[in-house]
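S.K.: Could you build all of it, start to finish, from the sequences and the hints given here?
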Amino acid sequence: LAGAVQKYGFINAKLRARISKILPEEQLAEMARAKSLTEAVELLKNTSFAVVASVFSKTGDIKSAELELARREVRLYLELEELTKGEVRAIVYALAERFEVENLKHALRLWFDSRVRGRRIDAAVGYLLRDRVHRDLALDRIVNAASLQEAAQALEGTPYGEPVGRSAAEVAQVRSLFPVEIALDHHFYRQLLAAVNGLGPRDRDIARRMIGAEIDLANINWLIRFKGFYKLAPERALACAIPEGIHLSPEAVAEAYAADNPTAVLAELVRRRYPGLSGLLASREAVESYARLVMIERILAEILMLEVRHLLAGYPFTIGILLAYFVLKSAEIRRIMTILNAKFYNWPEERIMAAL
Amino acid sequence: MIFPQSMKQLVAVVLERDADQVTRVLLDQGVMHFVSVTEMDPQLSQRLSAGMPRVTEAMVAEIRRRIEGLFSLASQGPPAQTELRVEDLQALDLNQTNRQLDELAAALSGVRERQQGLQQEILKLEDIRRQLAMFGELSVGMQSRSQYSFLNIQSGTVRRTALSTLVEELKSVPSVHLVVGEEENQATLLLITMRRDDGLVNKLLDRHGWTEVELARESLGGKEEVLADLDGKLALFREEQEKLKSGIEALIREKRPELERMWSNLRLNELYARIQSYFSHTARTLIFSGWLPAGTQAPLGEALLKATAGRCYLEWHDPSELPSAQKAKVPVQLTGPSLLAPFKMLVTNYSIPQYGTVDPTPFVFLAYLAMFGLMFGDVGHGLVLALVGIAGIAAYRGASQNIRNLMKLAVWCGGSAMVAGALFGSYFGLGLLPPLWFNYHGAVVGQHTVGVVKDVYGILLITIWFGIGVIAMGLVLNWINRVRRRDWFGLVFDKAGLIGGWIYAAGVYTAFYFAGRSYKQLPPGNFLSLAIGLPVLLLALKAPLEFIFHREQKRFQVFTLIDWGMEWIVEILEIFAGYLANTLSFMRVAGLGIAHVSLVVAFFSIAGMLRGPGGNFTPGSYLVLVAGNTLIIALEGLSAGIQSLRLNYYEFFSKYFSGSGRAYEPISLRKRQ
Numbered sequence: 001l002a003g004a005v006q007k008y009g010f011i012n013a014k015l016r017a018r019i020s021k022i023l024p025e026e027q028l029a030e031m032a033r034a035k036s037l038t039e040a041v042e043l044l045k046n047t048s049f050a051v052v053a054s055v056f057s058k059t060g061d062i063k064s065a066e067l068e069l070a071r072r073e074v075r076l077y078l079e080l081e082e083l084t085k086g087e088v089r090a091i092v093y094a095l096a097e098r099f100e101v102e103n104l105k106h107a108l109r110l111w112f113d114s115r116v117r118g119r120r121i122d123a124a125v126g127y128l129l130r131d132r133v134h135r136d137l138a139l140d141r142i143v144n145a146a147s148l149q150e151a152a153q154a155l156e157g158t159p160y161g162e163p164v165g166r167s168a169a170e171v172a173q174v175r176s177l178f179p180v181e182i183a184l185d186h187h188f189y190r191q192l193l194a195a196v197n198g199l200g201p202r203d204r205d206i207a208r209r210m211i212g213a214e215i216d217l218a219n220i221n222w223l224i225r226f227k228g229f230y231k232l233a234p235e236r237a238l239a240c241a242i243p244e245g246i247h248l249s250p251e252a253v254a255e256a257y258a259a260d261n262p263t264a265v266l267a268e269l270v271r272r273r274y275p276g277l278s279g280l281l282a283s284r285e286a287v288e289s290y291a292r293l294v295m296i297e298r299i300l301a302e303i304l305m306l307e308v309r310h311l312l313a314g315y316p317f318t319i320g321i322l323l324a325y326f327v328l329k330s331a332e333i334r335r336i337m338t339i340l341n342a343k344f345y346n347w348p349e350e351r352i353m354a355a356l
Numbered sequence: 001m002i003f004p005q006s007m008k009q010l011v012a013v014v015l016e017r018d019a020d021q022v023t024r025v026l027l028d029q030g031v032m033h034f035v036s037v038t039e040m041d042p043q044l045s046q047r048l049s050a051g052m053p054r055v056t057e058a059m060v061a062e063i064r065r066r067i068e069g070l071f072s073l074a075s076q077g078p079p080a081q082t083e084l085r086v087e088d089l090q091a092l093d094l095n096q097t098n099r100q101l102d103e104l105a106a107a108l109s110g111v112r113e114r115q116q117g118l119q120q121e122i123l124k125l126e127d128i129r130r131q132l133a134m135f136g137e138l139s140v141g142m143q144s145r146s147q148y149s150f151l152n153i154q155s156g157t158v159r160r161t162a163l164s165t166l167v168e169e170l171k172s173v174p175s176v177h178l179v180v181g182e183e184e185n186q187a188t189l190l191l192i193t194m195r196r197d198d199g200l201v202n203k204l205l206d207r208h209g210w211t212e213v214e215l216a217r218e219s220l221g222g223k224e225e226v227l228a229d230l231d232g233k234l235a236l237f238r239e240e241q242e243k244l245k246s247g248i249e250a251l252i253r254e255k256r257p258e259l260e261r262m263w264s265n266l267r268l269n270e271l272y273a274r275i276q277s278y279f280s281h282t283a284r285t286l287i288f289s290g291w292l293p294a295g296t297q298a299p300l301g302e303a304l305l306k307a308t309a310g311r312c313y314l315e316w317h318d319p320s321e322l323p324s325a326q327k328a329k330v331p332v333q334l335t336g337p338s339l340l341a342p343f344k345m346l347v348t349n350y351s352i353p354q355y356g357t358v359d360p361t362p363f364v365f366l367a368y369l370a371m372f373g374l375m376f377g378d379v380g381h382g383l384v385l386a387l388v389g390i391a392g393i394a395a396y397r398g399a400s401q402n403i404r405n406l407m408k409l410a411v412w413c414g415g416s417a418m419v420a421g422a423l424f425g426s427y428f429g430l431g432l433l434p435p436l437w438f439n440y441h442g443a444v445v446g447q448h449t450v451g452v453v454k455d456v457y458g459i460l461l462i463t464i465w466f467g468i469g470v471i472a473m474g475l476v477l478n479w480i481n482r483v484r485r486r487d488w489f490g491l492v493f494d495k496a497g498l499i500g501g502w503i504y505a506a507g508v509y510t511a512f513y514f515a516g517r518s519y520k521q522l523p524p525g526n527f528l529s530l531a532i533g534l535p536v537l538l539l540a541l542k543a544p545l546e547f548i549f550h551r552e553q554k555r556f557q558v559f560t561l562i563d564w565g566m567e568w569i570v571e572i573l574e575i576f577a578g579y580l581a582n583t584l585s586f587m588r589v590a591g592l593g594i595a596h597v598s599l600v601v602a603f604f605s606i607a608g609m610l611r612g613p614g615g616n617f618t619p620g621s622y623l624v625l626v627a628g629n630t631l632i633i634a635l636e637g638l639s640a641g642i643q644s645l646r647l648n649y650y651e652f653f654s655k656y657f658s659g660s661g662r663a664y665e666p667i668s669l670r671k672r673q
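So the protein lines, in turn, are chains Z and D. Okay, so the first sequence: first residue is 1 according to the working numbering, each after it adds one. Okay, so the second sequence: first residue is 1 according to the working numbering, each after it adds one.
Some clues are possibly wrong.
BS3-like cross-link-like pairs, simulated, lysine-lysine; straight-line CA separation at most 27 angstroms [stated by the list, open to error]:
id : chain 1 : residue 1 : chain 2 : residue 2
1  : Z       : K45       : D       : K245
2  : D       : K243      : Z       : K45
3  : Z       : K45       : Z       : K21
4  : D       : K203      : D       : K124
5  : Z       : K58       : D       : K245
6  : D       : K203      : Z       : K58
7  : D       : K203      : D       : K171
Bear in mind the hints are in silico, worked out from the structure with no lab data behind them.
M.R.: Written out as structure tokens, the structure is:
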């Protein structure tokens, strides 16, 4: 017990304090109701997102504000790395890798837009996160690379060179970045699970359950996109699934993919593991594909939140708080940026709320 | 002062046609804490209907908040609610108000778009600047492009007449150009662009008759010159952005009078709508009810009669007329001088006392400050704390009431520490003057051998006696509350009732008697039987009497006897263990006081180690003392404050504070928002 308190006492208190500042639903609803982007951003002024309001008031640019937010989160994780030791530090390190992976995906998307789609990316390059997470990525070389192989060469000496290089041929063939994005997701979860293996039995169980749930959700998300946008063959889609999910076996994923309605597998999951959410499935007639996607995303978010609530209500000196913070903060940032971007495009309130 | 304000209940029936005047009077007087009429008598809900207001409070509040958001854009707050006057209330046209705000929002969006456009330009230039900074010499770059550079550096000439158009069109790509020479018809340029834009740039240059020329090394200029040019452009863009930001603030300031007028009317209408939401209606009348301080009964009654020209029925009730369940719902207004506001905050932070019971504020004032002083007794440290509080009051003039109360609390705590410091003879840890009571430092470090307190055991004993005093005060307050509520059963049998107090007093006497005789002898004769045994036996009557007087529709069974027995045993255990723990808990006061002294001693020792060759304090010694005292004030001040609060909340309040009251919250213009 003393070990657990020593290990998690400070870091979990710090993260719990931050969790307590997560914006309540009413605040998000008020932002969605705001009559303009400026008024929506102003509502963040006295919150933990004050930096968004501050950057926006200087630049009028919501993407610059988002970049500043990402910078602060990276700084927090690097600070947490400093404050932790041993296996907990390894988990923080592995979680922080997501920022690097997402930034790399961002750079690769810019490369794809510029080289494959022939779009202008001048201003967009400015939104790449230039701060070092764990490695100095040659982002300019990647964005300006003549080919994906050249981008892979720019990543030599990092764990990303191999998956990017391996996916290059398929990216060229399918003219889509999903093979490389999936390869990077695989890498992220693989290194995260490797860090989890170094934890004690109790923490390992908690972390596997949480990360497993996240992997399930990531797999279902990919599944929907494969079926809806990429029209992948079932065996290829199955090969893309990230292993170590907790609720969904590869067979269940395959079955879901083959079914006419990809929400069937979700319904089964909800019925078995989260009966409290059955109402969400029953409450909507999601025949149209957009509405179905919205519904699925909502259920996935609810499932994850149930897991988080379970962790927060449990024994306080475990790795659970760290993982809960990671999930909650990511979700919060995503929701706030969804609202602000939707306000930028003048979406009506109902559509914004449905997208959250 | 020790009991909350006396309240009166008003039930009023007025004609529907007088609704507006009545609402204005109620808003103007601002004394009514409204309650729903149907809450008083649920059957009335079948005969009364809620109103159908044209505008609801929520609709108005949303627009008001929108205006507050606009004020906030210019780092301004809304006007003070206390300056609003009911006479200024006008009918609202929400559509018109929204239209006006939409126009302003559209103007702001236009500025934001310009800001965003500038930001995009800045990002493009920053990109090219970053590449250029990493690049080697320009002349070398022109001849052999670096493998890792994404820049294209070229030089060439264009017709002078085409120059301005070319420069304008180059703005669409990240680029930097330097005019390095001008002749009669031609201009020579050094142009730096991103290699990925080669296709677009080449087309553009071809269109303007660009002819590549090779420049002499000396005419190229250095990289620094180009960077300086870029920095100049970036600075201009940023300046422009700053101007736009200031423009937004200026626009809001310019519109402020109009926005203030709109805000004021919205706020008045919001409160007006809130009052009307409590009105229940019949065909031609409306009925409302609420609580108000007894002292305001006459002015409100007269104003209502005047507003309705006597066409109203007012019924006044005293809380004593209500059944006990209803009495608990009477709102509570804590009175007392505003000087005690910080302590009122501590009480309400815990809970609101029930109507008619003792207001703990003055007792918390005494107990909190005494505890704080005992834990943090030092004139110097107290002075610093008080000065910090005074500075905070000045700095947070416009802050929330809670923040200002916190600052006032720091002043009080500082004062308490100074008084205690004088009693203990401690001035920044130095004994500059003799103690008025006893030398706390001496007692802790073992230097003091005469006087009332000789060592840390003496300090512990003082705090235990202090705790006994606080608990005894809590018991007495509980008895007063029970008598006022006519809760005779609770007065006798409650854990903090007369029997509980009897056992506690006997326990204290026995403990001190035993300790005073070297833990070898208990009080003689029948003392223990009478002082402890008898009340314990009397407690056995609690469950049966409760069964008889408060039957709760239970039937007597054999198991009921077992229940009674179990309840009795648990009650005895709770009383004995609870009082013992409560009393010993006050030893933390000594603990923190001793820690305070120990820290001071520790820092003086460290400062002593840094003495110079002549045995005098060096600047390093003084630095340690200043840093140490700062740390002590911050750390110990916080600890003492928290522990005092904890002792009040858990050891003192638990004896008498039921805390199930409702705060008195009138709808009033005179309240700060």
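S.K.: Within a Cα-Cα threshold of 27 angstroms, do K203(D) and K171(D) meet the stated pairing?
M.R.: Holds. K203(D) to K171(D) sits at ~14 angstroms (cutoff 27 angstroms).
S.K.: Take the C-alpha atoms of K243(D) and K45(Z), compute the straight-line distance between them, and say whether it is at most 27 angstroms.
M.R.: Between K243(D) and K45(Z) the Cα gap is close to 21 angstroms, so the pair holds against 27 angstroms.
S.K.: Is the Cα-Cα distance between K203(D) and K58(Z) 27 angstroms or less?
M.R.: Not satisfied, since the Cα-Cα distance of roughly 35 angstroms exceeds 27 angstroms.
S.K.: Given the hint that K203(D) pairs with K124(D), does the C-alpha gap stay at or below 27 angstroms?
M.R.: Satisfied, since the Cα-Cα distance of roughly 20 angstroms is no more than 27 angstroms.
S.K.: For the pair supplied as a hint, K58(Z) and K245(D), confirm whether the alpha-carbon distance does not exceed 27 angstroms.
M.R.: This hinted pair holds, its Cα atoms lying about 6 angstroms apart.
S.K.: Starting from K45(Z), check that the Cα of K21(Z) is at most 27 angstroms away, please.
M.R.: Given that 27 angstroms is the threshold and the Cα spacing comes to 13 angstroms, the pair holds.
S.K.: With the threshold set at 27 angstroms, check whether the alpha-carbon distance from K45(Z) to K245(D) stays at or below it.
M.R.: Holds. K45(Z) to K245(D) sits at ~16 angstroms (cutoff 27 angstroms).
Checked against the numbered hints given earlier, the structure breaks only hint 6 and satisfies all the rest.
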